[in-house]
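Number of protein chains: 2
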Amino acid sequence: AEMGKSLVSDEPEFNRKAFDELVLRKMFVVPSFEIHGGVKGLFDLGPPACSLKAAMIDLWRKHFVLAESMLEMECTCLTPEAVLKTSGHVDRFTDLMVKDPQTAECFRADKLLEDAIDSLLEANPTMPVEEREDHLRIQRQADAFSPTELDELLIKYDCKGPSGEAYTPSFPFNLMFKTSIGPEGTSVGYLRPETAQGLFVNYRRLLDLNAGKMPFAAAQIGLGFRNEIAPRSGLLRVREFCMGEIEHFVNPKDKSHPNFKSVTDKELVLFGRDDQLGSGKTKTIACGEAVESGLINNETLAYFMARTQLYMEKIGMDPQRLRFRQHLATEMAHYAADCWDLEIKSSYGWQECVGHADRACYDLEVHSRATKTSMVATQKVDPPQEMEVAKLKFDRKLLGQAFKGDQRVVSGMLESLAESWTDFEPIATKLENDGKTTVEGFEITKEMMTWTKQKKTVHEIKFTPSVIEPSFGMGRILYSLLEHSFYQRESDEQRVVMRFTPQVAPEKCAVLPISSNPECNEIVDDIARDLMDSDLATRVDKSTAAIGRRYSRSDELGIPFAVTVDFDTLNDGTVTLRERDSTVQVRLPKNDINYLLFQIVHSRMTWEDVMKKYPVVSTGDDTEVAAE
Amino acid sequence: AEMGKSLVSDEPEFNRKAFDELVLRKMFVVPSFEIHGGVKGLFDLGPPACSLKAAMIDLWRKHFVLAESMLEMECTCLTPEAVLKTSGHVDRFTDLMVKDPQTAECFRADKLLEDAIDSLLEANPTMPVEEREDHLRIQRQADAFSPTELDELLIKYDCKGPSGEAYTPSFPFNLMFKTSIGPEGTSVGYLRPETAQGLFVNYRRLLDLNAGKMPFAAAQIGLGFRNEIAPRSGLLRVREFCMGEIEHFVNPKDKSHPNFKSVTDKELVLFGRDDQLGSGKTKTIACGEAVESGLINNETLAYFMARTQLYMEKIGMDPQRLRFRQHLATEMAHYAADCWDLEIKSSYGWQECVGHADRACYDLEVHSRATKTSMVATQKVDPPQEMEVAKLKFDRKLLGQAFKGDQRVVSGMLESLAESWTDFEPIATKLENDGKTTVEGFEITKEMMTWTKQKKTVHEIKFTPSVIEPSFGMGRILYSLLEHSFYQRESDEQRVVMRFTPQVAPEKCAVLPISSNPECNEIVDDIARDLMDSDLATRVDKSTAAIGRRYSRSDELGIPFAVTVDFDTLNDGTVTLRERDSTVQVRLPKNDINYLLFQIVHSRMTWEDVMKKYPVVSTGDDTEVAAE
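Protein chains in written order, with my numbering: chain A, 1 to 628; chain B, 1001 to 1628.
Do not rely on the hints blindly, as some may be mistaken.
[To be verified] Pairs of lysine-lysine residues, derived as DSBU-like cross-links and limited to a Cα-Cα distance of at most 30 Å, are as follows:
1) A:Lys17 with B:Lys1213
2) A:Lys542 with B:Lys1542
3) B:Lys1542 with A:Lys62
4) B:Lys1040 with A:Lys178
5) A:Lys462 with A:Lys372
[To be verified] Example chain A residues on the side facing chain B (calculated, C-beta under 7 Å, incomplete):
6) Leu42
7) Leu45
8) Leu71
9) Glu81
10) Val83
11) Arg205
Derived by calculation from the structure, the hints in this document are not laboratory data.
In this text, all values refer to a predicted model and were calculated from it rather than measured experimentally.
Backbone N, C-alpha and C fix where the C-beta goes; we use that ideal spot for every residue, glycine too.
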């Protein structure tokens, strides 16, 4: 999209050809079932990306799950229809699709509009700025239009199918993969389009496991599936993908976060709703200020946005190519309070990679209603507070007659509202004036209960929790990280490097003997075994290639350090340690390697510390040095 | 099954009620979508099982993938029909099913037979041993019978459906979940029933990545899906499961393994084909001997069996409840050379948990033929050997006319056979006598080529590799480990414990303050943070429950160690360290904890070492000690 292009200028040029060549040759990512012709939107991770992903997930687990004692689960992908009917996915998890009336080829309507605007702007480079901005504003809202609006815009921008005819009107296409569970063939199931539902349906057990304490968070890492209409942009829009989702359950009236103070000063690049419809420009604002000014709805939402930013920096994403984009009102589900997508810029433009949504009480309430399960939580009020509440007395018989199995859901709901007179008052007024009212779809009559307004010292309150949900597209993040990590050495374009940080690099160290001398080899094996024993993944390269060639190989895999064992090692037990990006080498006792790398990988030491401690024996480009 | 029962006697009694209560309460495993009524054969892993699984997989990756530099991949679950048609799954991945003609309820025919024999033997405890053995022999072959044989046996054993009528004849039911990929709805896809196919179709790229070197292995950990007819036995027979598969590609004529000598003395409990049809008894044999005597087909297969045994011991499985059962000839695919299942005994009897199959060249050959992709590998002969070979000269024109696109596959196949005169001679004879012959389904005529027998110094040989495949059912292993780890304290049945080893325990240490004194809490947090920083997952329990109660909680989660911070800690910096199973406590400086636990978790030190080094301050049951 054009948005991307306008910000590209200050970034190094991206050499797609060299990048793609490396990605395929080293098997970071390959098309699935390639020898059988492949399937659009399906990709396999080869050995280096497989371990990169494992490292990313390991850090994710530490940064989010372990750091805040979240309850991690692993739920199934196969999901019965009832669950996804309840969540709304069966009816509403759709994209708008059009067909070419001649060829019957299918297209995503919003993407056609985006492309048409790109082409128009490209064809008219001298278009006045204001006119241009108008088009871009429409482009930014592409996936928020109604079918009728989209149809009109496709006509306005003169979009035609491959046959040359206008497209069919757009219609919703459900993105879930459907299957049948069990031998009878009568039970419809879907592959989950997100991992969240598994956590919602387990909420009661999770709350019990957490000894009833609120707020708390559950998390899940696993596969999601979407039958994309027209997969494209490589790994960025695929049909099967790894997600990491967090569901933070919180009191709807108190969305403060106990650790918020740790991030108040953290600056985020924010692209608010108003700026998207207006200036088209982002703002850089400290997290605390963004909440105070009301730009971000609440502390917990802002806290997770800041934590996401920190995670991205930790895994080595380029902070210059990160921004948070707020959902437009038309984009957001009706129940949601606020949504911000972390977008990452790659050669394909800005792409949503992590959603942060305040989903209010929607999810728990729909499952509560569908299954007649109470989702109410209790939170201590400390210190106890005097509050105005409504004291209810139900006519249980009447309630039973009216709602049958739903009786307890209805009374629970009313009791939860009665905890605050402010919440209950509108219902009381309605009942007094009209004799009846509707609450969450249930018709309540005056006869069903009596109430009195009371003052009460409240020690605990009951509520159906709101859910604040950060949702990570791990595959998209992985692909973006590959792009952000890739560079070519200035000295030699042929030498390509992945600049993975020591924390996330799939392999931490290469160990290379300078000769095939058996004594050298033995030392190499010892060093490698020691490192592996400390969980520092290590690659041994005993091939006869020149040492410079072997450094290059390890650079291509993003291995941050290389240890070289040479003839001096046999005499004095020292080796060289080379840092990948600077290609600086230091000389040090071989027995120091293990401790040193462990400290660096665990962020307790830096390469600068190493350079201060040991003599530097070589700097700059090492192909020359190495070409013995 | 009866087999299981007869071996139970020397094992501690298994208290299913207490076990199930713990598993559900602590959310090790819970039924999926429970509040919506659940789905048979689908289970979720809750927080402790989720981290246990992560630890099991982490050890698996180190024990297999990293230790032997295997190439790990992550391929998609969604699989196009062409791939599974080629592999044979579309036509043959079936179980035999029968229905009750009245209720239309579906059953797995072999399981009905097994159950019927169980009931018969239970109802006739005085049956003569020989007659009993005859029934058991039939039971052991239950899943190897043909439909007709099974139908006859169901009648013989008088199996009737719930309605009281005899079942319908048995018919094959395909176990794959079917779906449709793409918006057009015309492209059939399946959820993979195994992860292996993803590796086979990537074989060419993997071989290149491995610089053409043979033998090599690829590995994959991921989900598999099977639409079981009648899921049962808890986690042991489910519809969605995690697998770990290794495909070891090897020269079909040289299945030796370079590391075999490391396992020759390792003893395995083997239940060979002959013993299953005969004595019904297992034999304990050293790995080397089993290969020498021909019981296990080759070194590589036996090597992986031994490695599997070692892995099981490492994660804490009870070696008394492990055995390797060889597939009967009727059970095995026609192309397979030998198959051994590692079976684990649980309260449900013996259950296949890891398959070890020598699949010969079947997989690569079918994909080669279907996609016209050469799967031939080259291996150095070192030192070079003089061999008798056939030198071929093709009539390319004739070959092209006869085989069109398959031409290269056919000539490759013939050239591969020609590498050894012994292999080629039967073809030569056939062609000379009959003028034609069939090789792998292709009809070859005499006119297509000429050949001469030659002596040749062979520096390298070409072949389509055989595949030796260990295939791990991670969910089954996890469930078995839960059972093997569970026990009740002799002193108090209510106190249940999971005896996870320090290597696999999801959390390594609990840290408990004896009072809510802020200074104590600070030390607790410091110790926990230090441990977490060294990747030792730690649980802090600051609740006001008695210390004995908190020890019990950590026992239930299988946490091997607990550190207690008390008032003495404030004075002299020492803490107590408690070992879970012995409940022995030692007193030591708090700064020693981190190093100590790291060494134990990485198997460099044992609890015995700790007891020698530090004063023991308490032994035996600690509920009394702790009830301050």
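So, going through the hints one by one against the coordinates:
1. A:Lys17 with B:Lys1213: holds, 28 Å
2. A:Lys542 with B:Lys1542: Since the Cα atoms of Lys542 of chain A and Lys1542 of chain B sit roughly 52 Å apart, the hinted pair is violated (cutoff 30 Å).
3. B:Lys1542 with A:Lys62: holds, 21 Å
4. B:Lys1040 with A:Lys178: holds, 18 Å
5. A:Lys462 with A:Lys372: Judged against 30 Å, a Cα distance of about 17 Å means the pair holds.
6. Leu42: holds, 5 Å
7. Leu45: This interface hint holds because 4 Å falls under the 7 Å limit.
8. Leu71: holds, 5 Å
9. Glu81: Hint violated; Glu81 of chain A Cβ to chain B Cβ min 10 Å, cut 7 Å.
10. Val83: Nearest chain B Cβ about 5 Å off; hint holds.
11. Arg205: Constraint on Arg205 of chain A satisfied, holds at 6 Å.
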